[in-house]
Amino acid sequence: MPLLIVVLGVLLLIFLITKLKLNTFVSLIITSFVVAFALGIPLDKVPTTITEGLGNQSGSLAIVFGMGSMIGKLVSDAGGGHRIAHTLIEKFGRKRIQIAVILASFIIGLALFFEVGLVVLLPIIFIIARELKMPLMSLAIPMAATLNVMHGFIPPHPAPTAISQVFGANIGHVILLGIVVAIPTVIVSGPVYNHFLRKLYPQVYKIQTENPRLGKIEEFDLDKTPKFGISVLTAMMPVILIGISTILEFTVAKGSLAHDIFGLVGNPDFAMMVSLIFAIYTMGIKQNISMKRIGQTVENAIIQIAGMLFIIGGGGAFKQVLVSGGISDYISQMFATINMSPLLAAWLITALLRVSLGSSTVAALTGAGLVAPMIAASGVSPTLMVLSVGAGSIFGGHVNDAGFWMVKEYFNLSLKETLTAWSPLTCVIGVVGLGAVMTLSVFM
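Here the sequence shown is numbered in numbering that gives the first Met the number 0, starting from 0 and rising by one per residue.
What the hints contain is simulated information worked out from the structure, not anything from laboratory work. Quick caveat: nothing in here was measured; it's all calculated off a predicted structure. One or more of the hints may lead you astray.
Unchecked claim - Here are the in silico distance ranges between beta carbons for each label pair:
1. Thr-438 with Leu-199: 20 to 28 Å
2. Asp-220 with Leu-21: 28 to 36 Å
3. Glu-298 with Val-273: 18 to 26 Å
4. Gly-92 with Lys-20: 40 to 48 Å
5. Met-437 with Asn-22: 39 to 47 Å
6. Phe-36 with Pro-201: 37 to 45 Å
7. Gly-254 with Leu-199: 51 to 59 Å
No residue lacks a Cβ here, since even glycine has one placed at the ideal position from N, Cα and C.
Build the full structure now, drawing on both the sequences and the hints.
Here you go:
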């Protein structure tokens, strides 16, 4: 019954948006109330559950998401994105441009959350697509696939890091084997999926000369744009700060001053603030751009993402209703009496939670808690369990996932196009990731 309520809630949400043409945020809030009542959440707790979900989702993303958008806009408006795009085109050429996008996404995705990596990279790939007169989706698919894979498999991303601790897995082993799993997963979910999607659903592959979420992107004289090195460094500064600090944090004693400093510098909010200040200098002051224009760029970045923050918050409200309504408890009871491979069970439970709850991080953490006792009983590798849960946490992203709405808005897609292009992509990542993990288990 609870899963039926979730399905009906999702159908209601789709009806409100597609048939009644209601605002997405309003549709999410209405659906959250209806589903909360149906799941039996006490009436006096329904409003607080929804505001808690909205606040937690928006609050956790506001600084990182907002400042990431500002950095991306500063790089773009100064011509840094133009320089990066031209250099990648020159070095890789049109035929191998997807490889360039995957490499850039792999590097950026090492330490940045999926949402922030999307914000930083999208202006760059939009310029590349426009310069080469290619459909944006030709490059957006490999970019988003790579970022999503990194988010699900590789520490220091929240889910793989946290579940490594739950399972007692060595972080270094998770990173190493995570990269091994990530490579075939990115190849299949990026270029291969891209090839088949274009044949099956060519309507998505439209040429875009402008994007409402990015605003107007100027034309630049290449000689007057920032150099390639400083442009890449500025775009990657959050990655560098978070990545290096996270690694160094493991080399010093817990509770020491050095550990606290590395923890602060590696904190996404602090790292984004430092990176934004760095971007203001490298992409603004150093380029002889006035503070007034820099201020306008930052303001425009905020305006462009304001609506999206509400939509993401609405997705968080829906997710919280599902969590508080006992969906995770219901799913754990379903698997209590089933006998199967711990790796497969971990994947199935997490995938069901992901489809039901929306948040990949919540699904991963909840799934890890449910299957943790299997490790001691079966002797299965904790590292492979981390990766199996990671694969399940990516599977089946749809309307209750904040990332789904980001992809819809940033790629300028309709709801139907997003369901047709994005949701199957997350399924491909989840299934191929599981296949890679199961293959590794044969040798471990």
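List in ascending order the numbers of the hints, as given earlier, that are violated by the structure. Result: hint 2 breaks, nothing else.
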